[in-house]
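Peer 1: Below, each chain spelled out in residue letters.
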Amino acid sequence: MPALEINRVSKSYGALKAVRNVSFSVPRGEFFGLLGPNGAGKTTLINSLAGLCRIDQGFIKVMGHDVKKNYQSARRALGVVPQELVFDPFFTVRETLTFQSGYFGIKSNDSWIDEILDGLDLSEKSNANMRSLSGGMKRRVLVAQALVHRPPVIILDEPTAGVDVDLRKNLWAFIQKLNDAGHTIVLTTHYLEEAESLCSRIGMLKNGELVCIESTDRLLQRDKECLVRVRVKTNPGKLMPALEEMLSETVCVDLGEYLIKVPNASEIEGILRRIRELHLEIDAVETETEDLEDVFLSIMKAAPERSE
Amino acid sequence: MSGFSTLLLKETLRFWKVGFQTIGAPVLTSLLYLLIFSHALKNRISVYPDSEIDYLTFLVPGLAMMSLLQNAFANTSSSLAQSKMMGNIVFILLTPISHHALFAAYITAACVRGLFVAAGVVVAAMFFVNVPIHNIFLILFFGTCGGVMLAALGLIAGIWAEKFDHIAAFQNFVILPMTFLSGVFYSVQSLPPMWQTVSHVNPFFYLIDGFRAGFFGRPDVPLELSIFVVSMVTVFLSLGCFSLIRSGYKLRG
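If you're matching them up, the sequences are chains L and B in order. Numbering-wise, the first sequence is residues 1 to 308 according to my numbering. Numbering-wise, the second sequence is residues 309 to 561 according to my numbering.
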């Protein structure tokens, strides 16, 4: 049984089709990334999972529980960190977390709340009113609220938006720890380097459609081209004809500096060997590979546009 | 703690933490009404000519009920509208709290606030006038029904409202006129026949008449009729409000 099962889900707001016939599943323990440009349908899909909006078609199961028919069990299995920085201004951090535990029917949760507060570096602020916290701290409380009932599945909807670098790193270390402990994590983010380093599999949405779902490693291997920047010291003029003979896509950037496009990284050794055969002294070699951002942009460009 | 008791506690603490504003202020406002009306009208109006109950004493249950109704409405409408507009409603919508528990917790907390305010008005008034208590069960019945009715109306308004202006409109153009025209400040028997008929269409009239009968034992209309009308309206509004919550109207997209 997967942690999440999304089957032929569609959701419209009037004439706007926010999610179109999306199907995929997320196995237990996976760190899954859901990417897409603004308005792609990520938040609608997450809201559908969380029961914050009602789908028009299809079904969604969280740990085997249908979010509509068996909503109470589904919600017990799910912790959601919402995108907006929302809070209740009447209460302190500890009160907020105690109430959130109570909503899930948990009577005494102080030790776990202490652990979460400690893990998120919020212990000192436990008795502070929510209004008095900085944006980053409020964001951490949102994460804490999603964790109070120890859900097996945690959904993070752009949790690091507007968060400083230090806090972002701490937050990811904490989330990674939860994933290592067996929690299934679903992440949406616009920081693609985060998705690249954390997620083992990535789904991409565009105009409400799932346009790609692949393991992160495979995505990064996809259409993989490598750029090699070579600088030679002596008699640089000798290199260009030799490289052109071997590879057509070679550009002389500067005197003695060449940018060479190779189909994959294994070709680099061949180029270096050829340079040595020409008795040229290599001053520097740099390689540039495609990252997730390049892959994301190329997939989004290739996916068809939808007007309605 | 269950979801219901947690939400009830949270909603109760929400008004308790700002008690000066949510309990103290309405009690003071009612006392000011009492002071001003007593000064202006005490010797001019005789509500029950055959009894020793003077106008000042007559006013107390009406003011208590008016405060109860307004505060029960304010509690649910402001809490829900604020949660919706600030976005923190998600903390409740994401949880496994049932529709019944959500409805019951909001309504109970609003009733508690309304009853606290009403009790505050009566107790404070007792320092100035002798308020008799004829039947405590009638007082509690009509007080509780009034609280539930207005709390349900407040929830409906909170669900429907998309900005605070909508709540204010509901409060000023629906709740306030219905409260003021229900016999808070007068006995409907003192009105011309046409206005008596109009008053009888207003469910708040039966609430206040029944509530006042609990103090003085002198209802303007038969108590059975008031109990029937108030019960029916309470059930109708509660069912309407519950249906809205269950449907997710304006709560779940």
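It is worth saying that the hints were derived from the structure and are not from the lab. For clarity, every value in this text was computed on a predicted model and none was experimentally measured. Hints may contain errors.
Said to hold, decoys possible - Simulated restraints on C-beta separations:
#1 L:S215 <-> B:V326: 40 to 46 Å
#2 L:E214 <-> B:G327: 55 to 61 Å
#3 L:S132 <-> B:T505: 55 to 61 Å
#4 L:K69 <-> B:F536: 36 to 42 Å
#5 B:M393 <-> L:P37: 24 to 30 Å
#6 L:P37 <-> B:D473: 31 to 37 Å
#7 B:P485 <-> L:S25: 27 to 33 Å
#8 B:W468 <-> L:R218: 46 to 52 Å
#9 L:K69 <-> B:P485: 42 to 48 Å
#10 B:W468 <-> L:P304: 37 to 43 Å
Note that CB positions come from ideal geometry on N, CA and C, so glycine has one too.
Peer 1: Run every hint past the structure and note whether it holds.
Peer 2: Hints, one by one, checked against the model:
1. L:S215 <-> B:V326: 40 to 46 Å: Since the Cβ atoms of S215 (chain L) and V326 (chain B) sit about 53 Å apart, the hinted range of 40 to 46 Å is violated.
2. L:E214 <-> B:G327: 55 to 61 Å: holds (57 Å)
3. L:S132 <-> B:T505: 55 to 61 Å: 56 Å Cβ-Cβ, so the 55 to 61 Å window holds.
4. L:K69 <-> B:F536: 36 to 42 Å: With a Cβ separation near 39 Å, K69 (chain L) and F536 (chain B) satisfy 36 to 42 Å, so the hint holds.
5. B:M393 <-> L:P37: 24 to 30 Å: At 28 Å between Cβs, range holds.
6. L:P37 <-> B:D473: 31 to 37 Å: holds (35 Å)
7. B:P485 <-> L:S25: 27 to 33 Å: Violated - the Cβ-Cβ distance for P485 (chain B) and S25 (chain L), about 56 Å, lies outside 27 to 33 Å.
8. B:W468 <-> L:R218: 46 to 52 Å: holds (49 Å)
9. L:K69 <-> B:P485: 42 to 48 Å: holds (44 Å)
10. B:W468 <-> L:P304: 37 to 43 Å: holds (40 Å)
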